[in-house]
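J.: Keeping their order, the protein sequence lines are chains A and B. Just so we're aligned, residue 1 is where the first sequence starts under this note's numbering, counting upward by one. Just so we're aligned, residue 136 is where the second sequence starts under this note's numbering, counting upward by one.
Hints listed in this document are in silico derivations from the structure and should not be mistaken for laboratory results. It is possible that part of the hints are untrue.
Stated by the list, open to error - In silico DSS-like pairs for lysine-lysine, Cα to Cα no more than 30 angstroms straight-line: (1) B:414 x A:91; (2) B:414 x A:119; (3) A:17 x A:68; (4) B:233 x A:119; (5) A:4 x A:91; (6) B:151 x B:275; (7) B:147 x B:410; (8) A:115 x B:410; (9) A:91 x A:17; (10) A:68 x A:119; (11) B:151 x A:115; (12) B:202 x B:162; (13) B:202 x B:235; (14) A:119 x B:147; (15) A:4 x A:51; (16) B:162 x B:151; (17) B:235 x A:119; (18) A:115 x B:355; (19) A:68 x A:4; (20) B:414 x B:151; (21) B:235 x A:17; (22) A:51 x A:115; (23) B:235 x B:151; (24) A:17 x B:233; (25) B:414 x B:275; (26) B:233 x A:91; (27) B:233 x A:115; (28) A:8 x A:91.
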Amino acid sequence: MTLKVSLKTIRGPLARKVREMSGEDPNVCFQCGLCAGSCPMTGEMEIFTRKVMHMLQLGLADVVITQKMAYLCASCHTCQVRCPRGIDIPKVVEALRLLSLRAGENYLAPESISKERLKEMPQAAVVAGLRKFTG
Amino acid sequence: MTIGYYPGCTLKSKAKNLEDSALASLKALGVEAVELPRWNCCGAVFSLSDDDLIHHVAPVRDLIRAKDAGHERLITLCSMCYNTLARANLLMQQDEEKRKTLNLFMEEESDYAGEVQVQHYLDFLRTEVGWDRLASRVVKPLTGLRVAGYYGCTLLRPREVAIEAPDTPTMFNDFLRALGAEAVDFDESTACCSSYQILGSESAALEASARVLRGASVSKVEALATSCPVCEYNLGRRQLDVRTRFNEVNEIPTFYFTQLLAVALGLPLSDLGLKLNEKSSEALLRSRNLIAAA
Chain A
1 MTLKVSLKTI RGPLARKVRE MSGEDPNVCF QCGLCAGSCP MTGEMEIFTR
51 KVMHMLQLGL ADVVITQKMA YLCASCHTCQ VRCPRGIDIP KVVEALRLLS
101 LRAGENYLAP ESISKERLKE MPQAAVVAGL RKFTG
Chain B
136 MTIGYYPGCT LKSKAKNLED SALASLKALG VEAVELPRWN CCGAVFSLSD
186 DDLIHHVAPV RDLIRAKDAG HERLITLCSM CYNTLARANL LMQQDEEKRK
236 TLNLFMEEES DYAGEVQVQH YLDFLRTEVG WDRLASRVVK PLTGLRVAGY
286 YGCTLLRPRE VAIEAPDTPT MFNDFLRALG AEAVDFDEST ACCSSYQILG
336 SESAALEASA RVLRGASVSK VEALATSCPV CEYNLGRRQL DVRTRFNEVN
386 EIPTFYFTQL LAVALGLPLS DLGLKLNEKS SEALLRSRNL IAAA
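One chain only, chain B, in its complex shape (with noise of 0.2 angstroms):
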């Protein structure tokens, strides 16, 4: 099976430990993810003015890519590309007004209504894995390794483009159990980690980022999965500096939830790009002989 891939910026240099561990996993799995021949940078964040019609070229025209390359699907990896893109198909969908007004700004390219379907990589696994079939495929099961799925904002908010419901999400426990992991649901699964705010205002959006640790902490959560790069940079990254401001907070290693997926599948410690991740990822894994001692 082939599939249409989109990357995203972060994934190409920040984030090469999400895309590699991905495709590799996917390639372990049978399906051949096709990147798109051309793609740009989706913008990071869907324009919500109505009168701000310029920003939403950028990920309708990688839209425009996916469909003139042939693929009826679209998938993404980057939490907030997924949100971008599919919010991006969503309005060429339904507002015929925008739509004409985009096509026609886009002259030189087809006209684009919507037509591919833009899905998140944990859906993807979901519908056309199955939870069963990825079980009986796991070689290396995470048995015994307590470890949480931190959706955020962007995988479940809006609701239109939620990839399950936003309020009773189960698709990462589902995906954890599958890999032989033991799931724990904390509250904060769900709660924003301050995104793009470290930028503006860093004391607040570490404040957020602890509430999220301190909620895993709470639950004894031993590793965080996510699918975003900028959660993992607050989360994982900074978790230092939040370690250092505010109490309660324990050190949680974190992983992109592809990187555990590599691990369960047995892939080479090579496709998994732990360096990028804090050292206490890759020390948590060697401490339950998830990979080969260094």
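Chain A on its own, in the form it takes in the complex (with noise of 0.2 angstroms):
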């Protein structure tokens, strides 16, 4: 992947976006790595968390907001609590979730649950995840 990197995406609109929906500064991570140490689901995302943090310091909010990693969130707030800059990193990660929603199709098609699972699935997972999962 080829990636370009220059001042006026670092300063870019969308890069903004992202810090004034999460209220956090990606440029405070220092790169330590415990966050994707710690995710649960760091083993399914191609490009998961200390990397995410790198690209929005180099304003590549567009690129990271085209991958699947956000949406591999489980929100369980472990990165959060062990993140010696105190960065809120799942509000990073649900600006990026609720931009990519924003601009295009629902990750999980409601329909495609089955009626079996939807039988027998707690409310609260259906809840959280059509929330999570769809616009």
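Using the hints, put the two chains back together into the complex; each one sits in its own frame.
T.: Here's what the structure looks like:
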């Protein structure tokens, strides 16, 4: 993947939007990787949390929001309680997820959940999942 | 003593065993839980984006109902409801601008500024009953049963709504010891079971659950106690799927912690709702003579 970094993207509107929506500044991150090491879904992510934070520092929000990563987050907040820089990483991920949903299609089609599963799943799981995966 | 109670959607059907055992236990302990006269779904997850205020309306409306009903305190059972309501409450206490906007949006309701205290049932037992007093009320101690409390995420994170220190929790152990059980620690008791990812990424979700169950297996846990219907689904109802796909995972019966409480308090089988658990849960209690033989 070729990545183009410039002052224009670093100061660009999308990077600013991520900061506004999350209330967090990715530049505070010093790349220790404790977030990615603590994340239960890191193994599934092509670009995991530490890299996402670095890419956001480089103003590559447009690349990051095309990644599946934000949809793999379970909002467990393990990264947040462990971050030595005190960054609320789930808020950054939520901003990316919402920007992706607002720009495009649902990540999960509600009708794709089988009736059998819907019958047995707790409502809390269905409500939370549809909140996170549909716009 | 009476206390305001918010059940949440799941407790009225899929997790009726959580509600029934919890309310019966409170009654046995001399506490009357008064369900809110009107309530709605809390939304299950707290909105994390600053420009997504509309999703705070549901939990805040529930808190307004609690205030209007005259409750100073509201207890919840489902870990996800607890987390969502407690965070929404904190937002209304601390963020003046958002508080104004939300109150204006719900102008037909009373103004709200976080006056009600949101408390989880387990913490209520700790503060209002106390572990020693609870132990004195136990008529059927769970002696010799190796039980581990599974906290999952939403009782402990984020820190500002954690029922105790997120890295070194002891509340489940204290509770289980009061019931006479052998409380077992295991590293994954605070790890995520994958939560709602069971909808979005099933195989990765089952793998996350496998890590939790494997940790419990290594520690020779005989029963898991949880307070979250989503954890119970992933670790209990879907356990056969996990064991089929992953190695080194023992069959571990799962319970809502209030079911074990009801057993220890000697409450009738009808209060336990064990038919909603996997068959192994009831079988374990029978094999230990904790409930009457079939």
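J.: State for each hint whether it applies.
T.: For each hint, the structure was consulted:
This hinted pair does not check out: residue 414 of chain B and residue 91 of chain A have alpha carbons roughly 40 angstroms apart, beyond 30 angstroms. Simply put, residue 414 of chain B and residue 119 of chain A have alpha-carbon atoms about 18 angstroms apart, close enough for the 30 angstroms limit, and the pair holds. Of the pairs offered as hints, the one joining residue 17 of chain A and residue 68 of chain A holds, with about 19 angstroms between alpha carbons and a cut-off of 30 angstroms not exceeded. At most 30 angstroms may separate the alpha-carbon atoms for a hinted pair to count; residue 233 of chain B and residue 119 of chain A exceed this at roughly 37 angstroms.
Proximity of residue 4 of chain A to residue 91 of chain A is assessed by CA-CA distance (about 25 angstroms); at most 30 angstroms being required, the pair is judged to hold. Straight-line distance between C-alpha atoms of residue 151 of chain B and residue 275 of chain B comes to about 23 angstroms, which keeps the hinted pair within the 30 angstroms bound. For a cut-off of 30 angstroms, the pair hint linking residue 147 of chain B to residue 410 of chain B stands: about 15 angstroms separates their Cα positions. As the CA atoms of residue 115 of chain A and residue 410 of chain B are separated by approximately 21 angstroms, the hinted pair is consistent with the 30 angstroms bound.
As the CA atoms of residue 91 of chain A and residue 17 of chain A are separated by approximately 12 angstroms, the hinted pair is consistent with the 30 angstroms bound. A distance of roughly 27 angstroms separates the Cα atoms of residue 68 of chain A and residue 119 of chain A; the hinted pair therefore holds under the 30 angstroms criterion. The hinted pair formed by residue 151 of chain B and residue 115 of chain A meets the criterion: a straight-line CA distance of about 21 angstroms does not exceed 30 angstroms. A threshold of 30 angstroms between alpha carbons decides the hint, and for residue 202 of chain B with residue 162 of chain B the separation of about 23 angstroms falls inside it, so the pair holds.
Under the criterion of a C-alpha separation no larger than 30 angstroms, the hint pairing residue 202 of chain B with residue 235 of chain B is consistent with the structure, at around 17 angstroms. This hinted pair checks out: residue 119 of chain A and residue 147 of chain B have alpha carbons roughly 14 angstroms apart, not beyond 30 angstroms. The straight-line distance between the Cα atoms of residue 4 of chain A and residue 51 of chain A is roughly 15 angstroms, inside the 30 angstroms bound, and the hint therefore holds. The straight-line distance between the Cα atoms of residue 162 of chain B and residue 151 of chain B is roughly 16 angstroms, inside the 30 angstroms bound, and the hint therefore holds.
A distance of roughly 40 angstroms separates the Cα atoms of residue 235 of chain B and residue 119 of chain A; the hinted pair therefore is violated under the 30 angstroms criterion. A hinted pair counts as satisfied when its Cα atoms are at most 30 angstroms apart, and residue 115 of chain A with residue 355 of chain B does not qualify at roughly 36 angstroms. The hinted pair formed by residue 68 of chain A and residue 4 of chain A meets the criterion: a straight-line CA distance of about 20 angstroms does not exceed 30 angstroms. Between residue 414 of chain B and residue 151 of chain B the alpha-carbon distance is near 16 angstroms, which keeps this suggested pair within the 30 angstroms criterion.
Taking the CA atoms of residue 235 of chain B and residue 17 of chain A, the gap is near 23 angstroms; set against the 30 angstroms cutoff, the hint holds. A threshold of 30 angstroms between alpha carbons decides the hint, and for residue 51 of chain A with residue 115 of chain A the separation of about 38 angstroms lies outside it, so the pair is violated. This hinted pair does not check out: residue 235 of chain B and residue 151 of chain B have alpha carbons roughly 37 angstroms apart, beyond 30 angstroms. At roughly 19 angstroms between alpha-carbon atoms, residue 17 of chain A and residue 233 of chain B fall within 30 angstroms of each other, so this suggested pair holds.
This hinted pair checks out: residue 414 of chain B and residue 275 of chain B have alpha carbons roughly 21 angstroms apart, not beyond 30 angstroms. Between residue 233 of chain B and residue 91 of chain A the alpha-carbon distance is near 17 angstroms, which keeps this suggested pair within the 30 angstroms criterion. The suggested pairing of residue 233 of chain B with residue 115 of chain A is violated, with an alpha-carbon distance near 39 angstroms, which exceeds 30 angstroms. Note on residue 8 of chain A and residue 91 of chain A: the hinted pairing holds, with a Cα-Cα distance of about 24 angstroms set against a maximum of 30 angstroms.
In the structure shown, a violation is registered for the earlier hints numbered 1, 4, 17, 18, 22, 23, 27, in ascending order.
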